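Respectively, the protein sequence lines represent chains H and B. Under numbering that gives the first Met the number 0, the first residue of the first sequence carries the number 0, and numbering increases by one thereafter. Under numbering that gives the first Met the number 0, the first residue of the second sequence carries the number 0, and numbering increases by one thereafter.
For the record, the hints were derived by calculation from the structure and aren't laboratory data. Just so it is clear, the structure is predicted and the values come from calculations on it, not from any experiment. Be aware that one or more of the hints could be misleading.
Identical chains share a label here; the pair holds if one copy fits it or two copies do between them.
[To be verified] DSBU-like mimics (lysine-lysine), calculated; alpha carbons at most 30 Å apart, straight line: (1) K25 <-> K161; (2) K163 <-> K39; (3) K103 <-> K36; (4) K36 <-> K161.
2 protein chains.
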Amino acid sequence: MCMNFSSKLLENAVNEFGKLPGVGQKTALRLVLHLLKQTKEETFSFTNSIDQMKEHIKHCKVCFNISDLEICEICASPQRDRSIICVVEDTRDVMAIENTEQFKGLYHVLGGLISPMDGIGPADLTIESLVQRLDGADVNEVIIALSATMEGDTTIFYLYRKLKDFPIHISTIARGIAFGGELEYVDELTLGRSIMTRVPYEHKIG
Amino acid sequence: MCMNFSSKLLENAVNEFGKLPGVGQKTALRLVLHLLKQTKEETFSFTNSIDQMKEHIKHCKVCFNISDLEICEICASPQRDRSIICVVEDTRDVMAIENTEQFKGLYHVLGGLISPMDGIGPADLTIESLVQRLDGADVNEVIIALSATMEGDTTIFYLYRKLKDFPIHISTIARGIAFGGELEYVDELTLGRSIMTRVPYEHKIG
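Using the sequences provided together with the hints, build the complete structure.
Here it is in structure tokens:
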């Protein structure tokens, strides 16, 4: 869409907003006009929060999760179980698993998934650091908690080959029917697998 | 939704993004993580464009449209017809009308619509400036081009009462069936009005 901007400053801001994922030109213009209507303090608080984050945010030296400190709160906590590491794609997955309150071990954030289509190979992820982290450490189990997509499966397969010689238990999170999911609407692959990987009734949660 | 942020800096940025209209917490997190993956220069270019805009943008002293200069390009142009003024809600409407290339007059940007529900009264808009602008100026016609909503209609009614004593033609943009619109899907009010305000065939455009 061609837009006739009455101001170069406005146009620049709209173009910058339009670079964000899922934000088109019309949405960008709406957001920029919203910021224009705010007070200077409110808009400065918006841009400042981004600048501050970009300037000062760190990645934990142990697990590579986003952190304000060199070592993140989870890795530094004496209450976490150091014998179990959960491998995830990014910080959103850490947040999602922390929300469940079902996991008390440590994490390892890969920073992405292997995706040849997007030019992301194993070297772009923190896989080598995971191998070094396991070397000599007192870890019993690695849980691989990645998305059930082609990229996720590729990454799981690569990780498994890298880790299989360590004296540790390697597991992946269970796949099956979601709680509240109705059987007739579940896709065939998931339903078939959930029958093959059925569990004894006494193990049932909930 | 409760989010367990691993970083206060990240949380601040997500909260600031979440204040934008139509941006929820999950979208805010996605956008912030996108900015985190960019280079420092790219992110700085984003925040700088907003800061620069907020610092230096002006409203044209004549028509109140957003502008980089004291007097906007349209008001300053010798090629525009100064005898006709089109009254619009905001800069987006100016852009939309400019895109049609059907209007060669000047604009007057109200900066909103009268909306008692949102606490916006006539004094919050640039109506008084429009009255002063018409006073003594060589203007033949004012076209009121506002949205066909309750707030738009209220504002048109108020404007009409303010302007009716001036020796000028007051018109509003035509309402009717959009080009490409199929008759059976048009709402009753629009269809009824479009029959009442029918035009002779020779006036038909296109």
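For this session: If the cutoff is 30 Å on CA atoms, where do K36 and K161 land: within, between, both or neither? Let me know, please.
Result: between (54 Å within a copy, 26 Å between copies)
For this session: Could you place K103 and K36 in one of the four classes (within, between, both, neither) given a Cα distance threshold of 30 Å?
Result: between (45 Å within a copy, 28 Å between copies)
Exercise. Within a copy, between copies, both or neither: where do K25 and K161 come within 30 Å Cα-Cα?
Worked result: neither (47 Å within a copy, 33 Å between copies)
Exercise. Given identical chains, is K163 near K39, meaning Cα to Cα at most 30 Å, within a copy, between copies, both, or neither?
Worked result: For K163 and K39, the Cα distance exceeds 30 Å both inside one copy (56 Å) and across copies (38 Å).
The structure fails to meet hints 1 and 2 from the earlier list, while all remaining hints are met.
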